[in-house]
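Peer 1: The lines below spell out each chain.
4 protein chains.
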Amino acid sequence: MNQPDLSESPYQRFLGLEFARYQEGLVEIGMPFREEFLRDDDSDWLHGGILSALIDIAGDYAVYSKTGGDVPTVDLRVDYLRPAKRGRLTAIARTVKVGRRVSIADVEVKDEQGQVVAIGRGLYATPTLSTSG
Amino acid sequence: MNQPDLSESPYQRFLGLEFARYQEGLVEIGMPFREEFLRDDDSDWLHGGILSALIDIAGDYAVYSKTGGDVPTVDLRVDYLRPAKRGRLTAIARTVKVGRRVSIADVEVKDEQGQVVAIGRGLYATPTLSTSG
Amino acid sequence: MNQPDLSESPYQRFLGLEFARYQEGLVEIGMPFREEFLRDDDSDWLHGGILSALIDIAGDYAVYSKTGGDVPTVDLRVDYLRPAKRGRLTAIARTVKVGRRVSIADVEVKDEQGQVVAIGRGLYATPTLSTSG
Amino acid sequence: MNQPDLSESPYQRFLGLEFARYQEGLVEIGMPFREEFLRDDDSDWLHGGILSALIDIAGDYAVYSKTGGDVPTVDLRVDYLRPAKRGRLTAIARTVKVGRRVSIADVEVKDEQGQVVAIGRGLYATPTLSTSG
Chain A
43 MNQPDLSESP YQRFLGLEFA RYQEGLVEIG MPFREEFLRD DDSDWLHGGI
93 LSALIDIAGD YAVYSKTGGD VPTVDLRVDY LRPAKRGRLT AIARTVKVGR
143 RVSIADVEVK DEQGQVVAIG RGLYATPTLS TSG
Chain B
43 MNQPDLSESP YQRFLGLEFA RYQEGLVEIG MPFREEFLRD DDSDWLHGGI
93 LSALIDIAGD YAVYSKTGGD VPTVDLRVDY LRPAKRGRLT AIARTVKVGR
143 RVSIADVEVK DEQGQVVAIG RGLYATPTLS TSG
Chain C
43 MNQPDLSESP YQRFLGLEFA RYQEGLVEIG MPFREEFLRD DDSDWLHGGI
93 LSALIDIAGD YAVYSKTGGD VPTVDLRVDY LRPAKRGRLT AIARTVKVGR
143 RVSIADVEVK DEQGQVVAIG RGLYATPTLS TSG
Chain D
43 MNQPDLSESP YQRFLGLEFA RYQEGLVEIG MPFREEFLRD DDSDWLHGGI
93 LSALIDIAGD YAVYSKTGGD VPTVDLRVDY LRPAKRGRLT AIARTVKVGR
143 RVSIADVEVK DEQGQVVAIG RGLYATPTLS TSG
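If you read the sequences in order, they're chains A, B, C and D. According to our numbering, the first sequence is numbered sequentially starting from 43. According to our numbering, the second sequence is numbered sequentially starting from 43. According to our numbering, the third sequence is numbered sequentially starting from 43. According to our numbering, the fourth sequence is numbered sequentially starting from 43.
Keep in mind that the hints were calculated from the coordinates and are not lab data. You may find that some hints are simply not true.
Copies of the same chain are indistinguishable here, so a pair counts whether it falls within one copy or spans any two.
[As the list claims (entries may be wrong)] Below, a list of computed lysine to aspartate or glutamate pairs in the EDC-like style, where the Cα atoms sit at most 20 Å apart:
#1 K127 <-> E50
#2 K152 <-> D47
#3 K127 <-> D82
#4 K127 <-> D112
With these hints in hand, go ahead and build the complete structure from the sequences.
Peer 2: This is the structure:
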């Protein structure tokens, strides 16, 4: 399956996402820092909403890499392990299950030092197989 | 407790958040639409990462309204019920528990028609009580 | 839809479950105390695994009350709010969404004093509609 | 730290739990089958409530292996991947984080064929360090 174009989405363009790896069931997405990601004017910490979005998207593409089609998120769980500071983040996402109805992906987000700053698990609707012939 | 200033955070400025209600344990935050929120160039659907951020933030301020201090998110679960289309969203957040260590908030996100498009539950670190006298 | 028989399941018989209410989209299940529920020989606290099972089951029947059929749990989140002590527990479950693929239920567990001891949210596979004619 | 005694808990005795491995940050717990675990009189499937309890307990002991003390569950998330049939189950639990306030463990449950039937992630209250001297 060809690597999709991350820049076709306005929100993904805002996040500045780029693939670092794209294999079947395993994708890695980089996100360079920008000032709008900060949680506070006086802080060097990124906003948690940026991390959860990155997790959601990485998990989505991990499933997509195995199924193609449209992969809407059904639910998402995020655990914040430590503050993410200004700097590039990388999300590594793996499919745990690709089922007939729903699929699951596990995601880790690492900072530039390689420390895991957040983990997440997303449930996605598996695209219905087209049976046209 | 005074209503906090949502615009002191770069990411919250990007989201354009504004309080519609701010009571102890119950806050309502409005988010006007902007093009960067879309999930796809050809789509009228908002990106899920925008909704999870709005849920995270609303839950955070619900807890803050009861505790003050810094309220980092520990973990977050989001369920996407239906696509959110271009238009203003409103998040209603209520505290479920304010504990000594952790606090919980429940959040609903509604669209302009009043339909619930997503729900979430967040766990937040309760600020340590200052005991200075 | 007729009220199902909670005693047709070996594990539900162990739990001693009984309906206190059974309406479309809203069910209430009582669970009398038994010694095997305790988490520790020296403790009056119930084991968390008893509460999560009660939450899972109550959510399941809330969805079942609207769909019939087999309603397997897809995923479950439980938040423990305070210790549940020896005594009868009651779970109140409401459907939040009954979708084509998946359904969601919210559950509260109360003790004999009416205090909420745990809350949960479960995602269940919606039974496929039979289309036989 | 010495391996704790799983049989000091009435509910754990009901489940028949036994350690297969007990290391710092990594524990493995076996659960032999018993008829009361079944979800239905006509079914060979285990009840989901048995799996979530096993996950909760295994995660708890993974954290305990690093902290000692009392480790109450704060919240628990379980994903059911496939039906667990009659037969022995094994839970493998690893700590993801041991923090000052809260700790996280990841758990996999495998059946006798080594297939993963469920996964879970639990958040536990880290015991307060005693500072007596």
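Peer 1: Of all the hints numbered above, which does this structure not satisfy? Sort the numbers upward.
Peer 2: The structure conflicts with hint 2 only, although it agrees with all the remaining ones.
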